[in-house]
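J.: Below are the chains, spelled out letter by letter.
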Amino acid sequence: MGMTDLVFVATSQDSLFQETRDHLTRLGYSNCARFSSGKSAVEFIKYNPARIIIVDTEVEDLSMAEFVTALREVRQAEFLHILVISSDRTEEFLLGVISAGCSGLVLRPYTLAALEKHMLQSAKLEQAPDSDRDTVKQAETMIVQGRYEDAIGDLTLVVSQEDEQASRLFYRGCQFLVDKKWSDAIQAFNQSLARNQTFIKAYEGLAQAYLGKNDIDRYRYYLQKAAEEYAKLNNFAKVKKIFVEIVKYDINAPNPYNTLGIRLRQEKQYKEAIKAYFQAVQLSPKDENIHYNMAKAYFCDVQPAKALECIKLALALSPDHLEALKMYRLLTGVAWEDNPDAPFQAPRGR
Amino acid sequence: MAKFSTCSICGKLVDIDQESHTLFHCRNFLLRSFYGEKNEHRRARLQERIDALNIRMRTKGNNLLDT
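Line by line, the protein sequences give chains A and B. All residue numbers for the first sequence refer to my numbering, where the first residue is 1 and numbers rise by one. All residue numbers for the second sequence refer to my numbering, where the first residue is 1001 and numbers rise by one.
Simulated from the structure, these hints should not be mistaken for lab results. All residues carry an ideal CB built from backbone N, CA and C; glycine is no exception. It is possible that some hints are incorrect.
[As the list claims (entries may be wrong)] If you want a taste of the chain B side facing chain A, the calculated C-beta under 8 angstroms gives, among others:
1. F1024
2. G1036
3. E1040
4. R1043
5. R1056
6. T1059
7. N1062
8. N1063
Using the sequences and the hints, build the whole thing.
T.: See the structure below:
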């Protein structure tokens, strides 16, 4: 029996471990290992492959959300089902563990059937009919066999698809959070994560295959692409954290994506801010302030033509918007009243 | 030593020398208070003040502006 067949249970309470172990035994999972310390568990998982870790109620030295975050950080590109069991039903707790990246949540008191469903979900997540993931796995075998050309052909097909799917799934998860549909949110975030992981594996595979062919330039290029995918993963984690704060505290905000966009723009994450504003505009298409905010994000991202498009939309909705009028003049060099359809004009003296 | 003054429109304590404070800042300040306000009466009162500012600034809605 390999390490990946073990189910790890992290809890500081003996009685809870015994109870969970009994339940797992009844479900056919007879191999359990326990951690009491969150930090020790993270250190172990960092160096040993694991498929499932159950986080039950509390660990000694970390909060639940900190523990889940740390587990995700050490196994970024690997499948790891983190199932949280807790009796805490407060929105604050739930948002905290979802934001941290748990992939399943069981609330006490729970039935054996509920636990079974989540354990099966782990297998489903790993063996989901994802043709891309299968292709990547097969390509990895080809690389080991020295069939570099075949591997490159298959992996190139995987990465040539549009890579915005992870982002779309991520924002779907955010909307489920707003709607307080916790399970749906977790599922959407799981799918988004899986998509990112597939791309990481594919780029790493391409890098290895080109290294095998002694093509160092392309090896470096695909390593860079893999690094970009890791960065996306980190960005999603950061954005999710900020979004959860907004959902938690700004309970009367009509459009949490707008607030998210502002926070991201202020943190100089312009591309992420623009994505958030796209969501915001879908929710409130006739709000001039959101179009203005989007213009500002585009401007900061050095996309003045796009900024001008947005500012024109803002002024079409509210021709007296003072800040929008100022930005229009900045972008075109003329006043809106004089020419409402002026093209972008780079400021003089630059 | 910093000189603070309370804004007569929104009630925010403003550092006069360091902080820019326009009507948009007032609106944002009121909106942020509104977003987190759980008390229904206080929320309604804030909404009235936001609506009055919106009319004055010829804008609408309850979304923040990135100032």
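J.: Determine for every hint whether it applies to the structure shown.
T.: Comparing the hints with the structure gives:
{"no.": "1", "hint": "F1024", "in the structure": "holds (6 angstroms)"}
{"no.": "2", "hint": "G1036", "in the structure": "holds (6 angstroms)"}
{"no.": "3", "hint": "E1040", "in the structure": "violated (10 angstroms)"}
{"no.": "4", "hint": "R1043", "in the structure": "holds (7 angstroms)"}
{"no.": "5", "hint": "R1056", "in the structure": "violated (11 angstroms)"}
{"no.": "6", "hint": "T1059", "in the structure": "holds (6 angstroms)"}
{"no.": "7", "hint": "N1062", "in the structure": "holds (5 angstroms)"}
{"no.": "8", "hint": "N1063", "in the structure": "holds (5 angstroms)"}
Checked against the numbered hints above, the structure violates hints 3 and 5; every other hint is satisfied.
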